[in-house]
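*Asks:* So you can see what is in the structure, the chains are spelled out below.
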Amino acid sequence: MSLSELAAGCVGSLLLLSAVAIPIARSRAGSRLVYGACLLVSATLATSALAALLGPGAPLPAVRLALGLPFEPTLLGFDALSAAFAAIINVATMVVSAYAIGYGAHAREPQRVVPFYPAFIAGMNLVLLARDAFSFLVGWEFMSLASWALVVSDHTSAENRRAALVYIVMATGGALTLLFAFGVLAGGAGGYAFEAIRRATHSPAVGALVLFLALVGAGSKAGLVPLHAWLPLAHPAAPSHVSALMSGVMTKVAVYGFVRLVFDLAGAPAWWWSIPVLLVAAVTTLLGVLYALMEHDLKRLLAYHTVENIGIIFIGLGLAIAFEAGGLALAAALALTASIFHVFNHSLFKSLLFLGSGAVLHATGERNMEHLGGLIRRMPVTALAFLAGCIAISALPPFNGFASEWLTFQAILLSPQLPQWVPRLIVPAVGATLACSAALAATCFVKAFGITFLGRPRSGAASAAHETDRWSRGSMLLLALLCLGAGVVPGFVMDALAPVTQLLLGTRLAAQSSQPWLRVVPIDTARSAYDGALVLGMIVVAGLATALIVRRFASHALRRSAPWDCGFPDASPTTQYTAESFAQPIRRVFGSAAFRAREHLTLPPPGDTAPARLEVELHDTLWETLYLPVIRAVMTLAERVNQLQFLTIRRYLTLVFAALVLLLVIVGGFR
Amino acid sequence: MRLSWLTQLAQVLLVLAAAPALTGLTRKIRARLLRRRGPPLLQPYRDLLKLIRKEVVVAENSSWLFRVAPYLIFASTWVAAALTPTFATGLALGAAADLIVIVALLGSARFMLALAGLDVGTSFGGIGSSREMMFATLAEPAMLMAVFTLSLFAGSTELSSISAFMLGPQVGLNLSLALALVALVIVAIAENARIPVDNPATHLELTMVHEAMILEYSGRHLAVIEAAASLKLLLYLSLIACVFIPWGTASAGAGVLACLIGLLAWAVKLLLLALLLSLFETAIAKMRVFRVPDFLGMALMLGLLGTILLFVARAPR
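Taken in order, these protein sequences are the chains called C and F. For the record, in the first sequence the residue sitting at position 245 is 244 according to numbering that gives the first Met the number 0, with numbers rising by one throughout. For the record, in the second sequence the residue sitting at position 237 is 236 according to numbering that gives the first Met the number 0, with numbers rising by one throughout.
For the record, the hints were derived by calculation from the structure and aren't laboratory data. Incorrect hints may appear among the rest.
Pairwise CB distance ranges (calculated) [as the list claims (entries may be wrong)]:
#1 L8(F) x R551(C): 18 to 26 Å
#2 A269(C) x L256(F): 55 to 63 Å
#3 F279(F) x S513(C): 43 to 51 Å
#4 T601(C) x A284(F): 27 to 35 Å
#5 L256(F) x L476(C): 52 to 60 Å
#6 L41(F) x T601(C): 54 to 62 Å
Every residue gets a Cβ at the ideal spot worked out from N, C-alpha and C, and that includes glycine.
Make the full structure from the sequences, and use the hints.
*Replies:* Next comes the structure, spelled out in structure tokens:
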């Protein structure tokens, strides 16, 4: 059996599992069985994808299925690009499924979640396996609809229903755009197989149109600003393990869709293609993290960070387009490697963070950070894993987020070689945005970890929290280790991604595994090098040496006492810094521009004992300027059209007659 | 090969030994400028020894993170300082981390310090962490922009290559370099909690930032954190010296004599920079907290301007 056949079989078995799950999902054992089966299937998929990626170079023959359109067979199979993405998403899916074995048992209505879970995974894998536009779109819609069902699984809350509505509207729009993109690519000839599209020559206008449609269609799924509006609503609404899949994994499938369309199918890029991509990516990065800083709901904060990280990924993709169009193949390979490496990293640490937030949610019933605090003592394992995720997403060495951002910076530093001056002018600003957002992300995760896990409990629920189950702890620790591992030996990941750049750009970076000391050298040693393993080793040795020496010579006396707090210790935990107050300086510095933030201070007159009030007003400018007018227009139109339902029979007959006359006039006019 | 390892080992120990002396030196110069006698040069060493021998008082509700953080902060800062060339370039471990990694290592240290500030759950710790991170959101990109300018000039992000390049004949007076220097100096002042951004000698003030975060620390933990702060000052001054005053630094593979000359040159450069820093500190007043973003934003804009000028003006190597 070939690898492609095995993978196609896995997708089929996931769909079958989805059907089997319907009757057994209600029981705890049943749901465990389904999650366990998902774990096994995604492990098989991950292994086969890795084998396809690291195996011999030629793309594997596709499986032809007699399904789908009457004039086109369905083609499924791996090439280097889809194998790389399939490996990435199935590794994350595997660990998330393991977590769900424990976490899924806490679900109140498992029958609303469990049957859709395998279907969701099947949809994502189908998108990756598809070798023709039809099965790609079928997989895409499967993924959207299954995840929609998961978002709405807790349908009792009005907030979730609204999130699901916004999601389904945006997802439908995105899918339509992609349908249009494939239609334009297939052209009059109508070959919907990727092979046929690739062979056909496309005019520059078609290429540009496809770039635009891919930015809208795949970008809305991935969460590019301003099409991100559904993401921070929908991702947190789902159960936490599904949030992890949606944020950590599904957005990656969207990135795959963009890469497939723009790098593979649309033909050779023009240099100006990079400009919209880079601009949108930079805005996405900065706004995503600023939104996250203003957010105090743990899961929504994480969802906004997905927006930020998608921006970072698209910065890499934009650079790769610019380099490819400028004839700098090696630099393009570096930028693309950095981008897909960040896809991998983000799938790991975002899944980890969502799983951690799920553990917190289960332990306390709270998503609002202002009611949490001090969980590091009640939930030590979750806290440790979550801390690892926070360090990784803040792009701090020696974890993996830093490795991919370092590579992106190296790509940015190559861009003065670009022939056109417009991207040369934009790229440094993009670099500054990236640097700024990395520092803002660190601030945001000091807030997220510090307010949630450190300090004193701010509510009864937080002080009565308990550690989660064994499966959840194990899978979170595994993800934390993977984050560290990918940061310490980034060379292995880069080497594994070499076939992708070979396929899309026709070149590859020098093999990193031949470098001494596990070092990473993107271009050459004199230019830049990074050795994650050595940095980790040095930190560990330095830390241990210091600890040992200090212990040897220092006094061992240690006393526990009340906090010093400059002599004003206060027993009430409400005097602690809150998430709101932690973010206040950032709001002062960046908020007035980004959110039209305003503070209203109401001071009672002297002698009055009424409390002073500080009210903060924030505006989601994008939502108010882009979405609300559209929503209002649709609502107004609907109101008007609604009047047509309450006419008398005579008026209906008049309308029918008028329509008939109009049609006859049109037909007559065309004759 | 063996020499580069020896240099590296010497550097690891040298930065550790010299850091408190540098802190003492700046304090001394500042005191003299204010017509005070000031503490003796070796006072920081005595302080550290005394702190180490003292009993540690830990808040009841602090977690393991509170006790681990000082060592992690110190280790990251020490590694970063050990990889910044002082008296000689061509360090054996220099290829492990370029300038971007050094900036990020300091970022890791800051991350842990800010978390430690939040751990006990007091309002002072929170205020310090929050403000420190706010400063960092502008200081870190400003620093990276200065790094970009330097690396675009030298065609490398490795400090040894940059330093060697700055000694070479291609470098004249250049606007981008000047902008990078100004940005770097502003970042150095802010990151080391110096006046006008923060005051290293104050307590019990609502304006304090760094001291507020470490308010709950005592004994050996405080000693380790203080040592890390000294190391960070040494790192920034050495970095500026290594890149902008590269003369005298022993090049890779140079002999023992060159290393001794380099050592002397480094000491002179540090003395000079400490003098300038203290002069600046005594000449300027402390800023309000919300003026600091303007100050740091200026550094970011200058750094960005320097980079853009390079990007547009020519295609470096």
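*Asks:* For which of the previously enumerated hints does the structure constitute a violation, in increasing order of number?
*Replies:* Violated hints: none; all satisfied.
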